[in-house]
Amino acid sequence: MLRSGEAYPGKLFVVEGIDGSGKSTQIDLLHKWLLSQGYSTFFSEWNSSPLVKRTTRRGKNKRLLTPLTFSLIHATDFADRTERNIVPPLKAGAAVLADRYAYTAFGRDVARGVDPDWVRDIYSFAYEPTVAFYFRVPLEVALDRILTGRPELKWYEAGMDLGLSEDPYESFELFQARILEQYDQMVDEFGLQVIDGTLPIAEQQAEMRSIVRPHLEDLLRRPDDVFTYREKGGE
Amino acid sequence: MDPRMGPVAIPGMPVEDLPGKLIVLEGTDGVGRSTQMRLLRNWLESSGLAVYDTGLTRSRLAGNHIQRAKSGHTMGRRTQALYYATDFADRLEMELLPAMRSGYVVLTDRYVYSLRARATVRGMDPDWIERLYQFAPTPDIVLYLKISIDKLIPRVLASGGFDYWESGMDYLRAETLYDGFIQHQGAVLEQFERMADEYDFTEIDAEQPIREVFDDLQEEVEEIVSEMVEVQSMSDFVAPIIPEPRAVEEERRTVADSLRDLLSSFLEDS
Chain V
4 MLRSGEAYPG KLFVVEGIDG SGKSTQIDLL HKWLLSQGYS TFFSEWNSSP LVKRTTRRGK
64 NKRLLTPLTF SLIHATDFAD RTERNIVPPL KAGAAVLADR YAYTAFGRDV ARGVDPDWVR
124 DIYSFAYEPT VAFYFRVPLE VALDRILTGR PELKWYEAGM DLGLSEDPYE SFELFQARIL
184 EQYDQMVDEF GLQVIDGTLP IAEQQAEMRS IVRPHLEDLL RRPDDVFTYR EKGGE
Chain Z
132 MDPRMGPVAI PGMPVEDLPG KLIVLEGTDG VGRSTQMRLL RNWLESSGLA VYDTGLTRSR
192 LAGNHIQRAK SGHTMGRRTQ ALYYATDFAD RLEMELLPAM RSGYVVLTDR YVYSLRARAT
252 VRGMDPDWIE RLYQFAPTPD IVLYLKISID KLIPRVLASG GFDYWESGMD YLRAETLYDG
312 FIQHQGAVLE QFERMADEYD FTEIDAEQPI REVFDDLQEE VEEIVSEMVE VQSMSDFVAP
372 IIPEPRAVEE ERRTVADSLR DLLSSFLEDS
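Listed in order, the protein sequences are those of chains V and Z. All you need for my numbering is the position in the first sequence, starting with 1, plus 3. All you need for my numbering is the position in the second sequence, starting with 1, plus 131.
Just chain Z, same shape as in the assembly (with noise of 0.2 Å):
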């Protein structure tokens, strides 16, 4: 079996070594994940490896979970927790794993520390979580984006602003969504520091700059597919980096102008 399988076996599932490679982008919201997700994946594909690229936010089952919370149906912690990981499971059986089978590197947006944290902070038994979990392949590195509150609040506010899961008011009594944003991120920066030692994650600072966040990463990763291929060397690459700032800002000039359309008409009706 692969040593990287977990000490709960998946029946039915042939795990005999799997050629691929497993990387994991954790952190926060807001934190950059996504973008350096991007890069990676056009860095490595430019030296010759298959990525598949993956994530676990906005799953289809949280769509769902949205629409049922908003319709009166709301999930008790513990079935959500479930709901979850039948999700996560569905999706390494089903993507993941005969991924790596193919020989894929597979690099996933979050993975089960951040749905352990999750549950962990809504009040569940964190050894339940964790033993519930004991399926998950241990990846063969956790990149974690590592970041402080103070530092991650600006940039939540120029990509659109708080959001209401990301601020966990499903589960707290919060004022606003800035109180629910600081105390939820607050409390799941404590897990994942928590885990970081106990799971040996590689700690990234991500208060860098997007191009040296992105420099730190590579070296990490460059070592765990260095036995697969001979990547690009990263000043030969020349990264299509920063996400295009135009779009951004775009779309706060839409935010402010439907909000003089909202003033305007309060105007007009008084």
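Here chain V stands alone, though its shape is the one from the complex (with noise of 0.2 Å):
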């Protein structure tokens, strides 16, 4: 389904999971990880290009954007990351990290009544990850993280744009759901690497690095004056 990135001598990491799964804090742990080992790195958030944020944000602020050009706006942000932040530091040898990676789209679009197979042909172009995590938490676990404290959620954060509940609390909970579903779907599709998200966070980030550990021979290493570069942004 994605591409082999086989051929490039970087390493691919990434890590997949519903809002609240805890896998920023794990891929920022594995990034200072890989930092603290003398390794090259470059650090990739979901729907940060600069480029496409300015359609994106007013989209999003003015409420424009329907499942399908929601779909195609986070294609293309992905496409310009592609071509200009994932590619290239592969092909140099680095250690490439994303927070988010096509799979969110497939979760999200499809939540959204995006046709499956057709957002899969459009995301063929994505090179396959070297190992994609998916924090797995119950549903509960994740709602709990996020919503206490009640904050405010945004409109397409929480689905609103769906229409399944006036209350955006009920609406998040009812979309996060969904989203749920597709990701234990795309499991065995993609081969996803699962981490149990309810262990403490050492006990996963340990994980993590004995998976990542492996791939990290030939890798090119940074400078030692040199910082690296991580994009500013996401949502």
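No lab work stands behind these hints, which were simulated from the structure alone. Please note that a few of the clues may not be correct.
[Stated by the list, open to error] Label-pair distances were calculated between CB atoms; the ranges are: (1) V/Gln188 / Z/Ser357: 46 to 52 Å; (2) V/Ser127 / Z/Arg172: 37 to 43 Å; (3) V/Pro53 / Z/Asp256: 47 to 53 Å.
The C-beta atom is built at its ideal place from N, Cα and C for all residues, glycine as well.
Since each chain comes alone in its own frame, lean on the hints to assemble the complex.
Below you can see the structure in the form of structure tokens.
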């Protein structure tokens, strides 16, 4: 389904999971570890291409996006980051880290009613990650982490565009449940590496590192006095 | 569902039998699409049909893109293809389909075929591009204004000369705009020819004079809209035909004037 990236000397590690699964914490810790080990890394976040951002922001603020244009604008963002930030460092031999990847689109867009085969076709240019970690947590656990303190949920984040409920919190729950269902189907389809997101943070991180470690041989190393680049942005 | 809808469903979009029509005018740059669009619109409206006309050229996104390219933020070809697809989907959902639902005759200057040709000549996989646009409805008719490059060149010259984008200079390493134009438009024409068979385009000989091209177009369009209204007979319709040649000439004079100014400034310097 996705393109094989084996021809490239670099390695691609991605994290996936519903909001509140703890994936961002984990990839951040993995990133810091790789840096401390002296590897050259590149970090790419979902929805962060500067070129596409203005359109996406406008679409979200003014609620102009439909499921179809929501899907396409995120694919545009992903294409820009692939061409700019993912492929070149992979070719150069670096460790590329991505907080969310094509699977996020497969989960969210299909939860919004987009044709599952179509969205997979669109993303067929994406390179297959070396390891795609999926942080699996029960819905209640994720909701509890996110909704404690009643944060203000954004329109699209809560899936309000689907008209599932008038109440943003209820809508969010229903929407996340749909996405969770999609992720669970993708585990076998894409061979996602499942991590139990309810375990203590340090335990999860130890498991991640042991899975990543065998892939690090021959990766590009970073000169001691150079800091790494991390994209600004995200959602 | 309306039988014209594509194989990939558009989520949340009501598309039960749409009473409107979707008429597409396709053809290369400079072939005279906008003139014919204007004539067709006037004629259909004078027959009592509500017409919604739209185009895909010079979109707001393409406009931004040019600015970004100038400021050094060039888009890769895949990003560009997806950006255009987003723009198209937006117009489809916000303009074309609602107009068709309201019973308009939607007349569009270019459609997915141009977008696909554009991406394909820039090296994108044609199958991927085809699948990308599978949500687009099939038009009631695609009127393809067909012209050879030889006949195209004098028209382009008469309407202001070669343009950077129309000459494919963003991806070609052509020596001059002229070389780029020949190469790019030749490649685009090849794509149109390929799609003309596959999608059953109605070919219109665009090498004829404007009035005759319009006559041919009317004949085809009449068949499409005849179930909606009895259109004005062609002989009754006195087309406000032929774009005012004066405007073109004035523009040409301006170019000549500025050239003269430029030359004289050089002469003064030396």
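So, going through the hints one by one against the coordinates:
{"no.": "1", "hint": "V/Gln188 / Z/Ser357: 46 to 52 Å", "in the structure": "holds, 49 Å"}
{"no.": "2", "hint": "V/Ser127 / Z/Arg172: 37 to 43 Å", "in the structure": "holds, 40 Å"}
{"no.": "3", "hint": "V/Pro53 / Z/Asp256: 47 to 53 Å", "in the structure": "violated, 26 Å"}
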